[in-house]
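Visitor: Since the structure of chain A is already known, use the hints to place chain B on it.
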Amino acid sequence: MKVANLAEWKPYEPTESRPWDLRLVHHLHRRAGFGANWGELQRDIDAGPQDAVSRILTVANLTKSFGDAGIGGEPKALTNSATDFDSLQQLIGDAAVSSGDINRLKAWWFYRMLYCGDPLTERMTLMWHNHFATSNLKVANVAMMKRQNDLMRQHALGKFGDLLRAVIKDAAMMVWLDANANRKGKPNENLARELMELFTLGVGHYSETDVKEVARALTGWTVRGGDFEHVMAYHDGGTKQILGEQGSFDGDDVLDILLKQEPLARRIAMRLCEAFFGEAVITDDALDELAGGLRDHDLDIGWAVETILRSETFFSDTNIGNRVHDPIQFMIGPLRALEMLDPPPSTLLLAEWASKLGQDLFYPPNVFGWPGGRSWLTTRTMIGRANYVSALCRGELHRPNHPPDIEALAIKQGCSTPADQSKLASTLLLGHENAPGDIEAILRRPASQLG
Amino acid sequence: MKTNRRRFLDQSSTVVLGAMTSLVSRAVVADDRSLPGQNGKILVVIQMSGGNDGINTIVPYADEGYAKHRKKLRLSTDRLLKIDESVGFHPSMRSAADLLEQGKLGIVQGVGYPNPSRSHDTSMAIWHSAQVGGEETLRSHGWLGKAMDTTREAVIGGGAKDPDMILVGDESPPLAIQSRRSTAVTLSSLSDLRLRRPAVAQPTIQNDQTPNSSLARFVDQTMQNAITTASVLEQNIEDRIDGSAKFPSTRLGQRMQTISTMVKSGFQTPIYYAIHSGYDTHAAQLPSHARLLREFSDAVKAFMDDVEAAGISDRICVMGFSEFGRRVTENGSEGTDHGTAGPVFLAGSQVRSGLIGSTPKLSDLVDGDLQMTTDFRNMYQEVAQKWLGTALKLPVPRQSLPISLFDA
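Protein chains in written order, with our numbering: chain A, 1 to 451; chain B, 452 to 859.
Source of the hints: derived by calculation from the structure; they are not laboratory data.
Don't take every hint at face value.
[What the hints assert, rightly or not] No more than 27 Å apart at the CA atoms, straight line, and that leaves these computed lysine-lysine pairs for DSS-like:
1) LYS844(B) / LYS492(B)
2) LYS212(A) / LYS260(A)
3) LYS186(A) / LYS138(A)
4) LYS492(B) / LYS697(B)
5) LYS169(A) / LYS146(A)
6) LYS186(A) / LYS844(B)
7) LYS212(A) / LYS844(B)
8) LYS138(A) / LYS844(B)
9) LYS492(B) / LYS837(B)
[Said to hold, decoys possible] Distance ranges between label pairs, derived from CB positions:
10) SER623(B) / ALA7(A): 42 to 52 Å
11) GLY226(A) / ASP765(B): 45 to 55 Å
12) GLU440(A) / GLY762(B): 34 to 44 Å
13) GLU440(A) / SER642(B): 44 to 54 Å
14) ASP101(A) / GLU586(B): 20 to 30 Å
15) SER665(B) / THR209(A): 35 to 45 Å
16) GLY491(B) / ASP284(A): 31 to 41 Å
17) SER642(B) / GLY226(A): 33 to 43 Å
Cβ coordinates follow ideal geometry from the N, Cα and C atoms, glycine included.
Isolated chain B, as found in the complex:
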């Protein structure tokens, strides 16, 4: 039954698309059509909201300070998934460890900014805008929005019709994807992109009154294009039911699946954004943190597997960040309070795999907090330049060290 249905879809899209080879190729999986200046590269940002406890994520087990500051929350060394002689993954991050083994995971250590804010709002706004400063600092646009604005200036009239940035989820669009001139949209699910009625051949504009108008032709083509995309989406969704790629049934897993389906369907959107909430672990942290890290790792792994199977993994980079880390010393309620620096994850086959930057020292603290070892603005700059092909003008932090996030 399923097979028949798919075959029907195949045939019906052939009928609709007979005369439009370029549209077929646009919608076909792993098509290499791309926007000028963007090289068809795709960045998927996962926001780990609430302040992830980086110390219990990439655990510095060899650091004497670890056992000293983490009495109840200490993860036993033999359960950790060792990365090297001094640090290891949280035991729930099996999928992330697998990605690392495959050479597809970069872990940037100790990422932060000077004089860090412990306010969720302010710190998140700093990460979103790349404007470091207090609450009173003006932040109208986000770093991704600015990057897309710059790209857009370079390709004015480029005719990109899909949005520059898509938030997949039901949250309000974050500041990071707000911009002066680029388009960002929110999709709560793929049903927003599915035709409710089967795509029967649509009448073309030639039957209407204005056959020679370029606007009418544009509308006709856009409509056919949309119908094609809807059909391809439908197919991708069917394939996925057949089990070609397994995504976790978590909220993040489903969102990553949505993104994957869109990417595979030939969307030209370069930036996708998903929010993974719940990292504000002030009490009884162990079980919830373990669950969050498993959800995160499994979703990223499933996503990477899926794009790999589709043959487009070299166009993909996933970035997971949080607005701050937690305090080094646990609090009295088996949780941790707001801290400073933490790890940022980059996944992709072009990413420089392994530990990047230096591990913050638990013995060298400022007011009980970690000192950052990499300024996030350096990281953004590199992601923008090397990945998105866009110059991002950010104030260069003092004493900033050059980092290298991607394979040469």
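For reference, chain A alone in the conformation it holds in the complex:
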């Protein structure tokens, strides 16, 4: 365990008053991934918190090392089915790119989120998609959107510096933030501003002059033939003043300067806390301490995620059930819990539903990404969620129809009476036991929106 002794981030250890039980395991799987089935929950109850969290992180690390080796995709060491998964997802992804149909790329990502053995990395990729919010509405290029997505996945739990350099210096971001229009003598400040305001420092940590000067430094970065390129003829080689430093900086220098700034770590820490904690759980002190830790660990995202997932705060009562499920989590959770993956649901349909529920993959609403939290829930999306539950319970996400069979699941676990079955469904879906009724009734409760 590489977690340092941070006062605010004490690791959770089971006690008599806070035992390691189904509620906590359920919470871990919903927040660090997209939910788990009964067998996985039981396995992790038996394993204890240390091993359960380690398992999630180890799988993610395996993925990362395979990714770094250029193989991409899933750890082959896991199981045979992981290898199958990897070749299948590649097939689906390549087909999406050559079709030029963005809906097929959305379906590909759904396939990954449903079937990969490493949900944490997919969850983090989704988080970075929101941080570096890029919309295909303007990029209008499936291959570029997929490449950006792959980059985010590859660096999802690595060093933030590597992630930033990879994503910023890639065609999708260049097109999204008008890098093509940023030329020597005719600067376009779009990329410069968002780079500082959204991707690294946050408002208040740079001046308008910095924006102008960074825009000058970024001239020359452009897209040619679908790829990033640094065109020297477009670059303004003059002297710039950026965040107190002076030099004839170019884009790479700008990224180096930004990565050294103190406010950066806090912004990343805040993003991670948004992803893993509910409302008003994290104190300023805890945030500062996590930011400090990130600085000490060379902005290692994996370190911060491990610190979070092992912490007492993560497993605290104030955190459990105190976060609005994003649409993807809301959709995938029951599919995984109720073991509705074989035969597979229609991933194209799922992508359509996600859009109805307000989370259209590859189409974040603007540079801020999806605002998340309570704003997921509007009149339109609430009705959409209720209707999604109806569709799921009638098996309409599958073609042909394939409704969930709670009775079969329950009998496998030795529950034979209707009351026991209802109890099982409730604990499986909500992590606690007191929601009566059938699956549809349980999933239409307000509590099913939270986790």
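Guide: Quick look at chain B alone, frame taken from chain A:
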């Protein structure tokens, strides 16, 4: 049978809503709840895509140039619906003429911008963003998006849950409603807002584990609220089947009906957007243009009638615009090519009815094109300020004349 069903809905919503008077009032038709700073005003934009031939829409029949430039496409004077001694509506615009007679239609004449682009894409982007310039000009956000961003800044924490802007249709959201921080959504139909299962009383959060959490209460309330809205929508849809308001069965007519239903159901969305395509009439223009103008006029009229009947017409303004007009001289294939200025329509009971601005002269052309008489940015500024209650910082065009679009 229908009556019974409606009565059932009435009763069931009463059961669900018993304890929540404020939610009932929110969903009731003609409720005056509103967002701060927006006065509950609603702007419905209809984009007439393709470049509407303004000359054959608001026809300058008394202008000598009309007969001279329009040989085959000339509409005979006696068929026109006269507005005054010099201009008249295209004969298919009976509904628009009726609106004018009722004092609910403003026609802003000769609207355009300097050095107009004849490219659909560029010109539409100029209208969407209010950033005048060539293709290379940066346009990240739309004018409506910016207006909503400004409003949003003013009401931070206002708790508006419905989106700021809704595109009703299956097209991609246009640049006009893109913004940095506001929300825009697309609805292809009302079925997106209808509960598939009858709204039986939902269990409330009190039965769950976290009775005192404000988040849990929020979720509970939002859910009840959504169910109420779904029920009210259901009722509005039933009413409409009963024929209280007739909408044309055209695509635009259906979209306007969708918007009307949402507005009547108490949605707090201030901006709705619909696209009416097909105005790119390079050949055999007469029949298709006649159909388009009829569809447009009938849909707007039906919409105005519907909101009037619901008693909320003073909160409504409809704006119809196109990215450019057509050339004055017709081409050789009984059509017209891309031109410049054209009329913009504003409908609403608060709109200053009648002709606004001066009629462009067909004898005073630049390279065969009309000269604009009103810069569209002046119009936007006024719509934003007077209607949406939002200051829109646009570069003020040179020689711009103040216009007045709304009743004082």
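Visitor: Does each hint fit the structure? Answer for all of them.
Guide: Hints versus structure:
Our distance criterion of 27 Å between C-alpha atoms is met by LYS844(B) and LYS492(B), whose separation comes to about 20 Å. For the proposed pair LYS212(A) and LYS260(A), the alpha carbon gap of about 20 Å is at most 27 Å, so the pair holds. For the hint linking LYS186(A) to LYS138(A), the alpha-carbon distance of about 21 Å falls within 27 Å, and the restraint holds. Between LYS492(B) and LYS697(B) the alpha-carbon distance is near 24 Å, which keeps this suggested pair within the 27 Å criterion.
Taking the CA atoms of LYS169(A) and LYS146(A), the gap is about 15 Å. The hint holds against a cut of 27 Å. For the hint pairing LYS186(A) with LYS844(B), the CA-to-CA distance comes to about 22 Å; that is within 27 Å, so the pair holds. Between the alpha carbons of LYS212(A) and LYS844(B) the distance comes to roughly 21 Å, so the proposed pair stays at or under 27 Å and holds. Between LYS138(A) and LYS844(B), the direct Cα distance comes to roughly 24 Å. Compliance with the 27 Å bound is thereby established for this hinted pair.
Under the criterion of a C-alpha separation no larger than 27 Å, the hint pairing LYS492(B) with LYS837(B) is consistent with the structure, at around 10 Å. Taken as a hint, the range 42 to 52 Å holds for the pair SER623(B) and ALA7(A), whose Cβ atoms sit roughly 50 Å apart. At about 52 Å, the CB distance of GLY226(A) to ASP765(B) agrees with the hint of 45 to 55 Å. Evaluation of the 34 to 44 Å hint for GLU440(A) and GLY762(B) yields a pass: the beta carbon distance comes to about 39 Å.
The hinted range of 44 to 54 Å is not satisfied by GLU440(A) and SER642(B), whose Cβ atoms lie roughly 19 Å apart. For ASP101(A) paired with GLU586(B), a C-beta distance near 27 Å keeps the hint of 20 to 30 Å intact. For the pair SER665(B) and THR209(A), the beta carbons lie near 42 Å from each other, so the given range of 35 to 45 Å is met. At roughly 39 Å, the beta-carbon separation of GLY491(B) and ASP284(A) lies within the given 31 to 41 Å, and the hint holds.
The hinted window of 33 to 43 Å between SER642(B) and GLY226(A) holds, with their beta carbons roughly 38 Å apart.
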